[in-house]
Amino acid sequence: GENVEQHPSTLSVQEGDSAVIKCTYSDSASNYFPWYKQELGKRPQLIIDIRSNVGEKKDQRIAVTLNKTAKHFSLHITETQPEDSAVYFCAASTRTTSGTYKYIFGTGTRLKVLA
Amino acid sequence: GAGVSQSPRYKVAKRGQDVALRCDPISGHVSLFWYQQALGQGPEFLTYFQNEAQLDKSGLPSDRFFAERPEGSVSTLKIQRTQQEDSAVYLCASSLGLAGRGTDTQYFGPGTRLTVL
Numbered sequence: 001g002e003n004v005e006q007h008p009s010t011l012s013v014q015e016g017d018s019a020v021i022k023c024t025y026s027d028s029a030s031n032y033f034p035w036y037k038q039e040l041g042k043r044p045q046l047i048i049d050i051r052s053n054v055g056e057k058k059d060q061r062i063a064v065t066l067n068k069t070a071k072h073f074s075l076h077i078t079e080t081q082p083e084d085s086a087v088y089f090c091a092a093s094t095r096t097t098s099g100t101y102k103y104i105f106g107t108g109t110r111l112k113v114l115a
Numbered sequence: 001g002a003g004v005s006q007s008p009r010y011k012v013a014k015r016g017q018d019v020a021l022r023c024d025p026i027s028g029h030v031s032l033f034w035y036q037q038a039l040g041q042g043p044e045f046l047t048y049f050q051n052e053a054q055l056d057k058s059g060l061p062s063d064r065f066f067a068e069r070p071e072g073s074v075s076t077l078k079i080q081r082t083q084q085e086d087s088a089v090y091l092c093a094s095s096l097g098l099a100g101r102g103t104d105t106q107y108f109g110p111g112t113r114l115t116v117l
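Chains as they are written, first to last, in my numbering: chain A, 1 to 115; chain B, 1 to 117.
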């Protein structure tokens with residue numbers, strides 16, 4: 001079946017440094033790629049997304065890049081802060097046999113920003 | 001406005017009991033999704049509703065799992081004869097448009113943590 005691989009599983013960075021999380025997807029028809037931040041015991045919160053007709057999108061300290069040919073997409077966080085510490089999930093919207101779409105999630109990256 | 005809400009937030013069940021988990025989506029959202037999130041894992045798709053119609057239930061792990069959304073708003077996920085392997089967080093998400101486009105953002109509820117003893 002369709003899957004999304006996410007790396008690394010854990011990432012520790014010093015405050016102020018950058019963090020990069022990478023995902024690959026298998027369904028070439030995937031057309032939407034959201035990133036969610038999930039703090040312990042909380043709901044996943046959308047932080048940024050990108051559609052398949054765009055190669056890069058930026059929102060303040062957060063950016064996402066998409067390489068459709070290689071089926072890779074990445075999350076970049078610059079000037080990290082302690083409050084960025086959380087688990088980050090990538091997802092790819094993949095078409096189902098019923099003609100609708102569903103998200104396939106990666107396994108998550110636990111980011112720790114050290115003060 | 002109000003986001004997606006779920007109840008109960010925590011549920012402890014003895015093996016063999018039936019449980020019912022409720023989801024209140026964002027008002028006006030057509031699409032509703034249920035996911036299962038095991039500890040340390042990403043959410044896994046269970047089922048999808050477009051209004052009251054259940055268009056995809058391919059992710060339901062067994063026939064003990066049943067979901068409904070009779071009036072196209074509130075949804076209930078029911079698990080019969082719970083087993084220990086059902087222990088997980090059950091997340092509900094809703095989106096404004098149809099899942100047939102694939103590009104609508106899904107907004108998640110806080111989840112229900114189910115523990116089966």
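You may find that some hints are simply not true.
Stated by the list, open to error - Within a straight-line C-alpha distance of at most 30 Å, the following computed DSSO-like cross-link-like pairs (lysine-lysine) qualify:
1) A/Lys42 x B/Lys14
2) A/Lys22 x A/Lys68
3) B/Lys11 x A/Lys42
4) A/Lys57 x A/Lys112
5) B/Lys11 x B/Lys78
6) A/Lys68 x B/Lys78
7) B/Lys14 x B/Lys78
8) A/Lys57 x A/Lys71
9) B/Lys11 x A/Lys22
10) A/Lys42 x A/Lys57
11) A/Lys42 x A/Lys58
12) A/Lys71 x A/Lys58
13) A/Lys22 x A/Lys57
14) A/Lys71 x B/Lys11
15) A/Lys112 x A/Lys71
16) A/Lys58 x A/Lys68
17) B/Lys78 x A/Lys112
18) A/Lys68 x A/Lys57
What the hints assert, rightly or not - Facing chain B, from chain A, some residues (calculated, C-beta under 7 Å):
19) Ser28
20) Tyr32
21) Arg43
22) Pro44
23) Leu46
24) Arg51
25) Ala70
26) His72
27) Ser85
28) Phe89
29) Ser93
30) Phe105
31) Lys112
32) Ala115
Derived by calculation from the structure, the hints in this document are not laboratory data. All C-beta atoms in this analysis are idealised placements derived from N, C-alpha and C, irrespective of residue type, glycine included.
Do the hints match the structure? See the list:
1. A/Lys42 x B/Lys14: It holds: about 25 Å lies between the C-alpha atoms, which stays within 30 Å.
2. A/Lys22 x A/Lys68: holds, 14 Å
3. B/Lys11 x A/Lys42: holds, 16 Å
4. A/Lys57 x A/Lys112: holds, 24 Å
5. B/Lys11 x B/Lys78: Holds. B/Lys11 to B/Lys78 sits at ~13 Å (cutoff 30 Å).
6. A/Lys68 x B/Lys78: This hinted pair is violated, its Cα atoms lying about 39 Å apart.
7. B/Lys14 x B/Lys78: holds, 15 Å
8. A/Lys57 x A/Lys71: holds, 16 Å
9. B/Lys11 x A/Lys22: The given pair, whose Cα atoms are some 35 Å apart, is violated under the 30 Å limit.
10. A/Lys42 x A/Lys57: Holds, because 26 Å separates the two Cα atoms, which is no more than 30 Å.
11. A/Lys42 x A/Lys58: Given that 30 Å is the threshold and the Cα spacing comes to 25 Å, the pair holds.
12. A/Lys71 x A/Lys58: holds, 19 Å
13. A/Lys22 x A/Lys57: holds, 15 Å
14. A/Lys71 x B/Lys11: Judged against 30 Å, a Cα distance of about 39 Å means the pair is violated.
15. A/Lys112 x A/Lys71: holds, 27 Å
16. A/Lys58 x A/Lys68: Holds, at roughly 18 Å.
17. B/Lys78 x A/Lys112: Distance ~36 Å between B/Lys78 and A/Lys112 Cα, so the pair is violated.
18. A/Lys68 x A/Lys57: Within the cut-off at roughly 14 Å; holds.
19. Ser28: violated, 13 Å
20. Tyr32: A/Tyr32 check passes; min Cβ-Cβ to chain B is 4 Å, inside 7 Å.
21. Arg43: holds, 5 Å
22. Pro44: This interface hint holds because 5 Å falls under the 7 Å limit.
23. Leu46: holds, 6 Å
24. Arg51: Interface hint status for A/Arg51: holds (6 Å vs cutoff 7 Å).
25. Ala70: Interface hint status for A/Ala70: violated (20 Å vs cutoff 7 Å).
26. His72: violated, 17 Å
27. Ser85: Constraint on A/Ser85 not satisfied, violated at 16 Å.
28. Phe89: Nearest chain B Cβ about 5 Å off; hint holds.
29. Ser93: holds, 4 Å
30. Phe105: Hint on A/Phe105: holds, closest Cβ of chain B at ~3 Å, below 7 Å.
31. Lys112: violated, 15 Å
32. Ala115: Because about 25 Å separates A/Ala115 from the closest Cβ in chain B, which is outside the 7 Å limit, the hint is violated.
The structure is inconsistent with the numbered hints 6, 9, 14, 17, 19, 25, 26, 27, 31, 32, although it conforms to all the rest.
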